[in-house]
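S.K.: For reference, the chains in residue letters:
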Amino acid sequence: MADNPKDIQLTSADFAPLDKQAGPDNERIAAPSLTFGQDVWRRLKSNKTAFTSFIILVLMFLIAFGGQAIYHHDPNAQEPKYANLPPKIPGVNIHGLNGHLTQSGQDVDAYKQAGAGSNVHYILGTDYLGRDLLARIMYGTRISLEIALIATLIDLTIGVGFGIISGWKGGRVDLFMQRVIEVLSSIPQLVVMVLMATAFTKTGMASIIAAIAITGWTTMARLTRAQTLQLKNQDFILAARTLGESAPKIAWKHLLPNLSSVIIIQTMFTIPSAIFFEAFLSYIGIGISSPQASLGTLISDGQKNFQFLPYQMWYPAIVLIILMLAFNLLGDGMRDAFDPKSKR
Amino acid sequence: MRKYLLKRIFYLFLTLFIVATATFFLMKLMPGTPLQNEAKLTPSEKAAILAQYGLDKPVWLQYFIYIGGIFKGSLGLSFQFSDQAVSYLIGSRMGPSMQLGGQALVVGIIFGIILGAIGAIRKDTWADRLATILSILGIAVPSFVLAILLQYYLGLKTGWFPVAGWSGFAYTLLPTLALAASPLAETARFIRTDMVDVLSSDYIELAKAKGLSKFGIVYHHALRNSLIPMVTLIGPLAAALMTGSMVVENIFSVPGIGEQFVKSILVNDYPTIMGVTIFYSALLCLLLLLTDIVYGIIDPRIRLSGNGD
Amino acid sequence: MNLKTAAKVTAVAGASLLFLAACGSKNSSSSSSKATANMTMSAELPTMDLSKSTDVVSSDMLNNTNEGLYRIGKNGSITPGIAKATKISNGGKTYTFTLRKNAKWSNGDKVTAKDFVYGWQRTVNPKTASQYAYLYSGIKNADQIVNGKKPVSSLGIKADGDYKLVVTLDKPIAYFKKLMGFVNFYPQNESVAKKYGSKYGTTSTAMVYNGPYKMTGWTGTNLSWTLKKNNDYWDKKAVKMDSIKYQVVKDQSTGLNLFNSNKADDTTLSSQQVKNYKTNKNYLVRKTASTFYVELNRKDSDSTIAKAFKNKKIRQALSYAINRNEYVKNTLGDGSTVAKGYVSQDLAKNPKTGKDFTDDAYVASGVTYNQAKAKQLWKEGMKEIGETKLNIKLLSDDTDGAKKSTEYIQGAWEKLPGLTVTNQNVPFKTRLQRSQNGNFDTVISAWNADFTDPISFLSLFTSDNSYNNGRYNSAEYDSLIKKAEGTDANNASARWTDMVNAEKQLMNDQGVIPIYQKAEAHLTRTNLKGIIWNTAGTNYNLKYMSVK
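Chains as they are written, first to last, in UniProt numbering: chain A, 1 to 344; chain B, 1 to 309; chain C, 1 to 548.
For the record, the hints were derived by calculation from the structure and aren't laboratory data.
Glycine included, each C-beta is placed from N, C-alpha and C at the ideal position.
Hints are not guaranteed to be accurate.
[Unchecked claim] If you anchor each label on the Cβ, the simulated ranges turn out as follows:
| # | chain 1 | residue 1 | chain 2 | residue 2 | range |
| --- | --- | --- | --- | --- | --- |
| 1 | C | S301 | B | K57 | 53 to 61 Å |
| 2 | C | V56 | B | S44 | 37 to 45 Å |
| 3 | C | A372 | B | I133 | 57 to 65 Å |
| 4 | C | N107 | B | P58 | 39 to 47 Å |
[Said to hold, decoys possible] A few chain A positions that, by computed beta-carbon distances, are all more than 10 Å from chain C:
| # | residue |
| --- | --- |
| 5 | L59 |
| 6 | F61 |
| 7 | P80 |
| 8 | K81 |
| 9 | L129 |
| 10 | V180 |
| 11 | I237 |
| 12 | K253 |
| 13 | G285 |
| 14 | K304 |
| 15 | Q307 |
| 16 | L309 |
[Claimed, not checked] 20 Å max Cα-Cα, derived EDC-like pairs, lysine to aspartate or glutamate:
| # | chain 1 | residue 1 | chain 2 | residue 2 |
| --- | --- | --- | --- | --- |
| 17 | B | K46 | C | D478 |
| 18 | C | K93 | C | D55 |
| 19 | B | K46 | C | E387 |
| 20 | C | K415 | A | D74 |
| 21 | C | K375 | C | D359 |
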């Protein structure tokens, strides 16, 4: 009977609003509403390796930048009479941490040999000038992280800016800018590093930063451009344009948030490569100059004594390896976390 | 295709021209001449020596001579070796570097593929984790640290390999190993990610449904599809090898270009720095071009055309 | 496929191991029948052209593959080379050498007086662009020829027949015979030099040898080569080695690893390596005639600094502040010793008493450490110039050792109140250039004597010398050096007194601040005998080397 429309009886009660709270079940969102950031954070937390890496990095940042507040040792203070002392932690009697050394096949107390009192102990030993290795490693890590931060900054400003402008403007501008990138990225990064290192007569941070500024951002620019090209024809951007929003405002309010996943993932891979390049340049002697230290110079110094005082190379090398590992693993984790395909 | 090739070759020359120009003028800004003990030389001696190196002419003329020389295969005279042309220096040092680079690439890619495939097939098992750890370590441990460790433990302590030097195949093994770590790791990572995707795709499901053996599926379907994009990795891998070779050659006393490059930087041998820079850039450009062409040939989905990206 | 490839690669690796083992055994068995040794070098061989050699590696190789009028023997003594007899006449201004008739080149040609004339003329010829032609200064017309003012043929060297050579000097040169042991004065074979043209001396084949050994296997750019016994050498009976293999090793850890795996018989050690090998039976310290010292720029562009460095008390304070003993022992630790003065130790002996130059000319105040005195002198000096604070820069090389030095001296100096020191570590050539242009406050310089005579050091600090970077200026010093080089040149003991007084003057003025005398720590296998280590000029003479 109800099949016949004529039989439908409508009463005013039928037009009363439904109870909003008791809406149809199938339209309810079961999961709590999450912002983009919250979602990423949640998924990052569920990825144990990435999360551990994240914690380790936070710790390393804290120690590198704030460690000196607790561990009061000047990384540049020399005590030549205590040169090349092995690690000694008071109360620990494990070979390698008790201040003993194997010299010409014999076990000797290096601290006693150097005439150091019982109150002298260096947790990670000293280098060839009697400088505290732990303090120097902390300092070196800070330099490495600073380089990483600067590389990130360059990636974010030049790389992202270049990519967005190129993608947004399109046409001839895009064509020209793409050629610039093409040329820049077919120059080996190493060569640019070397040229900059020679160009700046005083080697150090400046040359490394200059090199990163010249070539380090091309991948980022390429990725943001591709993404921008995709986004710019989407409805919400069209809408914003129709409403007369200015280009910079669109870029800032609409493009950037949508680009953020690409940007963050790429940053996670820029950082370790910047750290690696700094270490590499310092290792071959055209990076950070003395008395400044970086993980690269520490490894290079330590290598010379590797046969007798392996700790001088192992410790900075381990810190560098952990740093590289953590950034890489975090990068992998981030990529998974941002990848909609892997959404669970 | 032809139009595309011409265009790419044009860009190759443009890049090299820019690199050559930039290096030339950067080097002109630097202090340092071929003069060994300047204080003892009289002005006329200095003039004679500078003339031998063509440094007596105005800079702009030197520039044109230099650029013109490149086309003739001349890169000037080295400052550190007397009467030795940079082109000869590069030519005679190229062999060992190429051999090491080639071996490292082959070893790295083969083992990388194996490692990556194991990781993808045995996803989320201990084998996968082990493969992942190995490949991440390959990226995280700098080649110079690895080279030192290899030389000390495998060269000196066990005596299995020659410690350093360059006289025979045995001498190439440790440096190859030190260099191979990074391409191995990159390849393994790439293959694993790619194969995980491929293995969960519909046609693999179909192949499984058809009852193909696991090996057959991996070999015939998954691996082949993952190998094609692998080709694009070769350019960046080769660039990374150039970097690695600088220290690895130094540590193992290999008479290669990388080792010479470091020395030239440290002693301000500008003609050699310029020459090697141009050589490295040309090599990378050529590799990038070659991989693109190979990619276009083996992957029918990519059409090399002159327009668009 | 994966498994198959893996198996293949393993097979290759395994095969290569076998190959290696075969290699190793071959080496050890062959060494019993033939005398061979493996040496290491820390840098490439840049040239084998006798006119163009400026560095240690090439002069070492040339000295052992070629021979001049004399050969420098034990303790810098002069031993016979191509010259059989020498006659000095005309007040020390004419040398007549009689050459031996049995000397031959490795291509069979005879070594004649014409080869000397050709070699010398080639070196001073401005067209050759030799960088060591200045050593010829003092030989008649050499300076004018080098400057292109006189023809090459006017050089004071004449061949009188095939076996008589006459050399004319502008003024007597006390150390002339020693100079003749320097590779830039060796004879050159004209036909070979002309045959190879600009390729002459750029590979081991584009060269001819008249010394104890001849070189093989050097392509001009590679890192290994071999010295083989030269059967055309006139004194080949004295040569015991069949071959000496060379390998360039730039990394000292690699060098040590090679030594420990018996693939090298000689390697240099870094300071930490020294610490652990001091008691090793193969350990050997080689003193060199090389002093490291600090120069203070009296013509500094910053007038305050220039004023400070003209003050003797401040100069002395800076010297007293450096604990050389501690530095040499703990920081350097490579066998180097505290400088006893500016001229190096064991370089020359008093012709009468046999006492070392550094003992005769010792001025304690110039090289001692005394922090209290340093601080006191510093305060007085600063008061005299009316300053309380001083900011100076310390320039040096960017090598490992140089960095250590700057770091140490920086630390020592900054203990003086009001003094701050900034380190500038730059590449070697940049350092030289900046030193010469006076573009520095303080610089760590090094001088390595060309020959074993104090004048090789002392001539540097005359007021007009181009190596006098700090512009030390003393009329007395100048006149003493002038006397030693001029009026007293033929009077050994008067000349000695002049030089001793000059050194004393320099030290009393604290014209420079000597730090240490460089030594090279080696591991040299004890079965290598008969190597003559030199302190100046070339490193070693391998003519009498043997293995037991």
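S.K.: So, for every hint listed, does it hold in this structure?
M.R.: For each hint, the structure was consulted:
Our hint of 53 to 61 Å for S301 of chain C and K57 of chain B is violated, since their Cβ atoms are close to 31 Å apart. Hint check: V56 of chain C to S44 of chain B, Cβ distance near 27 Å, so the stated range 37 to 45 Å is violated. At about 59 Å, the CB distance of A372 of chain C to I133 of chain B agrees with the hint of 57 to 65 Å. Between N107 of chain C and P58 of chain B the beta carbon distance is about 44 Å. The supplied range of 39 to 47 Å therefore holds.
For L59 of chain A, the shortest C-beta to C-beta distance to chain C comes to about 30 Å, beyond the 10 Å cut-off, and the non-interface label holds. With 10 Å as the threshold on Cβ separation, the claim that F61 of chain A sits away from chain C holds: the shortest Cβ distance comes to roughly 28 Å. Separation of P80 of chain A from chain C is inadequate, the least Cβ-Cβ distance of about 4 Å not exceeding the 10 Å criterion. Against the 10 Å criterion, K81 of chain A falls within the reach of chain C, whose nearest CB is about 6 Å from its own CB.
Non-interface call for L129 of chain A relative to chain C: violated, since the shortest CB-CB distance, roughly 6 Å, does not exceed 10 Å. With a cut of 10 Å on Cβ distances, V180 of chain A stays outside the contact zone with chain C, its closest approach being about 32 Å. Every C-beta of chain C lies more than 10 Å from that of I237 of chain A, the closest at about 47 Å, which supports listing it as non-interface. The non-interface label for K253 of chain A is consistent with chain C: the shortest C-beta to C-beta separation is roughly 48 Å, beyond 10 Å.
Not every Cβ of chain C is farther than 10 Å from the Cβ of G285 of chain A; the closest lies at roughly 7 Å, contradicting the non-interface assignment. For K304 of chain A, the shortest C-beta to C-beta distance to chain C comes to about 5 Å, within the 10 Å cut-off, and the non-interface label is violated. The beta carbon of Q307 of chain A sits about 7 Å from the closest Cβ of chain C, which is not more than 10 Å, so the claim that it is off the interface is violated. Against chain C, the non-interface label of L309 of chain A is violated: not every CB pair exceeds 10 Å, the least being about 7 Å.
Distance check on the hinted pair: K46 of chain B and D478 of chain C sit about 27 Å apart at the alpha-carbon level, beyond 20 Å; violated. Between the alpha carbons of K93 of chain C and D55 of chain C the distance comes to roughly 30 Å, so the proposed pair goes past 20 Å and is violated. Annotation: proposed proximity of K46 of chain B to E387 of chain C is violated, straight-line Cα distance about 42 Å (limit 20 Å). A threshold of 20 Å between alpha carbons decides the hint, and for K415 of chain C with D74 of chain A the separation of about 16 Å falls inside it, so the pair holds.
Simply put, K375 of chain C and D359 of chain C have alpha-carbon atoms about 28 Å apart, too far for the 20 Å limit, and the pair is violated.
Comparing the model with each numbered hint stated earlier shows that hints 1, 2, 7, 8, 9, 13, 14, 15, 16, 17, 18, 19 and 21 do not hold.
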